[in-house]
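Protein chains in written order, with the numbering used here: chain A, 156 to 497; chain B, 156 to 497.
The hints are simulated quantities; they were obtained by calculation from the structure and are not laboratory data. A portion of the hints provided could be inaccurate.
No copy labels: a pair is met if it fits in one copy or bridges any two.
As the list claims (entries may be wrong) - DSS-like, lysine-lysine: derived pairs with alpha carbons at most 27 Å apart:
#1 398 <-> 459
#2 418 <-> 308
#3 354 <-> 455
#4 308 <-> 165
#5 448 <-> 330
#6 448 <-> 308
#7 354 <-> 398
#8 398 <-> 165
#9 308 <-> 354
#10 354 <-> 486
#11 459 <-> 165
#12 486 <-> 447
#13 165 <-> 448
Number of protein chains: 2
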Amino acid sequence: MERDLIARIKRLAESSAEDSSVLAGIGDDCAVLVPRPDRRLIVTTDTLVESIHFDLEYFDPWHLGRKTAAVNLSDAAAVGGSPRWALLNMAVPQGLTGVFWDSFFEGLRSRLSQYGVSLVGGDTVSAPERLSISLTLIGEIKGGRWLSRDSAKPDDLIYCSGHLGESAAGLELLKRYQGTRDTFRGRKAVHRISRAVLKRLASRHLDPEPRVTLGQALLASGMVQAAIDISDGVATDLAHMCKNSRVGAEVRAGEIPVSRSLKSASRFLGVSPLEFALTGGEDFELLWTVSKKDRSEVQKIASKILGHIPFHIGRIVRGEGVFLRTSQGAKDIAYQGYEHCI
Amino acid sequence: MERDLIARIKRLAESSAEDSSVLAGIGDDCAVLVPRPDRRLIVTTDTLVESIHFDLEYFDPWHLGRKTAAVNLSDAAAVGGSPRWALLNMAVPQGLTGVFWDSFFEGLRSRLSQYGVSLVGGDTVSAPERLSISLTLIGEIKGGRWLSRDSAKPDDLIYCSGHLGESAAGLELLKRYQGTRDTFRGRKAVHRISRAVLKRLASRHLDPEPRVTLGQALLASGMVQAAIDISDGVATDLAHMCKNSRVGAEVRAGEIPVSRSLKSASRFLGVSPLEFALTGGEDFELLWTVSKKDRSEVQKIASKILGHIPFHIGRIVRGEGVFLRTSQGAKDIAYQGYEHCI
């Protein structure tokens with residue numbers, strides 16, 4: 156099994172054999188890579204464990220491959236870097252078929268090749284029970300600047316690249332209806348929300364879009380210093396940014412980007428859409444700050460890439476905490492959610 | 156638990172805070188690193204899974220930390236590279252204590268700092284059952300040359316840096332006596348081999364010495380092109396080298412480096428010492444080839460680093476296969492062991 160898997164991984168790696176920066180790849184003791192001159196390296200890694208981060212009941216292997224890549228690509232996006240090379244570590248239980256792996260690798264390849272990333276190494280071992288996957292990305296940035304979570308300044312405006320909470324609502328729906336195929340075919344209980352909504356939210360969980368091009372453009376603009384990707388919910392990730400930057404933030408409940416799809420699913424699930432939007436993880440949207448004078452220029456750059464205007468959700472303030480402003484006043488939601496607020 | 160662990164990892168990373176090549180480390184979305192100009196990058200990664208690669212019954216956390224580093228350092232050694240930065244991914248079950256982690260990180264730190272490697276990132280997640288650890292090393296090599304497994308040429312002599320089979324015999328002893336403390340205190344059944352032998356072989360399994368300095372010196376000599384680290388036993392790793400180099404090899408049974416400790420343990424365990432030496436994995440000795448004209452110069456370089464003369468175990472031949480020559484003739488042992496031969 157392990158040998159068969161390694162053969163599949165080698166075939167996948169061969170598809171990036173034309174990458175002249177890879178002098179030695181899979182099958183050697185080390186990969187040997189040629190970085191561009193005068194670049195800094197960026198490195199990031201994420202581990203996904205079956206039954207903790209995904210469940211094969213509702214996660215098909217193609218999407219699992221794509222998401223394995225996307226969660227790491229999103230970290231590269233958050234610093235504005237250009238990912239170039241990937242390493243894949245897997246601890247693999249028995250019983251997963253060749254069809255499963257073909258589909259997984261095709262999904263992984265599709266996301267990596269979208270950004271010109273070559274798979275250059277890794278390690279595949281047996282596991283007694285559950286599938287565990289780590290992907291490591293190595294990339295580059297030009298010069299000495301990158302986006303970081305410690306550069307937000309008071310009076311900066313806070314922007315976000317897309318709707319929030321959809322991934323968490325999508326996960327709730329997937330858990331209840333175990334597998335997209337069943338869900339999308341419309342079982343009776345599901346008829347209360349439209350198939351289109353189900354499909355959109357499930358897809359936001361299964362196939363998040365890493366904002367790599369946006370991150371690179373924000374860095375290249377020279378007008379954005381602080382960014383983070385929203386992996387744990389905006390209440391937590393904005394709190395990380397505030398803590399690292401030694402500032403506070405104020406976000407307006409009415410400006411948190413909540414889609415009509417999320418509203419519809421929230422009614423169905425009996426959870427407030429704001430709760431999903433503030434605490435729901437894995438949207439992998441980019442959050443950044445920008446000074447007032449640069450806002451319209453940066454908004455233009457972001458809009459061109461996103462195809463929509465980014466959402467202005469609040470501003471950085473002196474002090475600490477992440478305050479949610481509603482018609483009832485303001486309350487600190489750092490590392491918390493909306494429920495904590497009401 | 157996860158937070159407590161991450162705090163420990165941050166403390167560990169801070170101990171390498173004086174590394175000016177690390178512009179951003181743990182706690183950011185990406186580590187940001189400064190490679191030296193005109194270097195190639197080397198990258199390697201290994202995953203260790205509890206109950207597959209180690210058992211906490213006999214593997215104390217300090218040794219586990221050291222070995223996690225050593226197995227990766229050995230891959231860097233095999234190409235002659237200089238490891239510089241490390242990423243640590245862990246899937247962690249409940250129930251491992253703070254004392255366990257302090258000891259694990261101290262072991263990991265001790266091996267990484269031996270070679271000036273800084274821990275710059277990683278990911279720590281929960282696991283339902285077993286501890287799983289992946290370490291990724293990024294390093295550098297100067298110029299366009301490195302040691303590889305595909306450069307062996309007919310008539311090259313085959314050398315090996317140390318005794319073989321001791322790690323596998325050590326593992327057998329550890330499995331039987333579950334934990335070094337019991338073993339070393341000398342239970343009745345153990346009295347048939349000396350405590351010194353037990354200690355030496357257990358230590359060869361728990362705390363292998365990565366041959367990083369040797370690998371670098373062999374590369375720097377300009378006289379060695381082909382090398383591999385012996386992780387799966389010489390019958391398998393030499394076969395890898397032969398296959399990748401499109402050559403064969405002939406090794407002489409009488410020249411395979413078998414220590415007196417291994418002979419003593421082999422009698423006790425009822426397994427031939429040659430079986431341990433040819434098929435036993437995880438010795439992490441370096442195997443390399445050298446032309447006849449350069450042999451004495453390279454032998455001198457290696458001897459100075461090792462403190463003993465390296466072992467000349469055979470030669471590269473035209474054709475394919477790994478032939479073991481005994482008084483009864485020669486037989487192909489590629490990917491096999493001694494038992495296959497008799």
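Outcome of the hint check:
In this homomeric assembly, residue 398 and residue 459 never come within 27 Å of each other (Cα to Cα): the closest approach is 31 Å inside a single copy and 52 Å across copies. Taking the closest pair of Cα atoms, residue 418 and residue 308 never come within 27 Å of each other, the shortest separation being 33 Å inside a single copy and 68 Å across copies. In this assembly of identical chains, residue 354 and residue 455 lie within 27 Å of each other by CA distance neither inside one copy nor across copies; the values are 30 Å within and 68 Å between. For the identical chains of this complex, residue 308 and residue 165 are inter-copy neighbours only, at 25 Å across copies versus 47 Å inside a copy, given an alpha-carbon limit of 27 Å.
For a Cα distance limit of 27 Å, the shortest separation of residue 448 from residue 330 qualifies neither inside one copy, at 45 Å, nor across copies, at 68 Å. In the homo-oligomer, the alpha carbons of residue 448 and residue 308 lie at most 27 Å apart inside one protomer (13 Å), although the nearest pairing across protomers, at 66 Å, exceeds that limit. Neither within a single protomer nor between protomers do residue 354 and residue 398 lie at most 27 Å apart by alpha-carbon distance, with minima of 36 Å and 49 Å respectively. When the C-alpha separation of residue 398 and residue 165 is checked against a cutoff of 27 Å, the pair qualifies only between copies, where the shortest distance is 16 Å, while the shortest distance within a copy is 43 Å.
Taking CA atoms no more than 27 Å apart as the test, residue 308 paired with residue 354 passes in neither setting, with 39 Å inside one copy and 58 Å between copies. Within a single copy, residue 354 and residue 486 get their C-alpha atoms no closer than 34 Å, and across copies no closer than 61 Å, so neither meets the 27 Å cut-off. Proximity of residue 459 to residue 165 under the C-alpha cut-off of 27 Å is found in neither arrangement, the shortest distances being 38 Å within a copy and 39 Å between copies. For a Cα distance limit of 27 Å, the shortest separation of residue 486 from residue 447 inside one copy, 24 Å, qualifies, whereas the shortest one across copies, 78 Å, does not.
In this homomeric assembly, residue 165 and residue 448 never come within 27 Å of each other (Cα to Cα): the closest approach is 50 Å inside a single copy and 37 Å across copies.
When each numbered hint is compared with the structure, violations occur for hints 1, 2, 3, 5, 7, 9, 10, 11 and 13.
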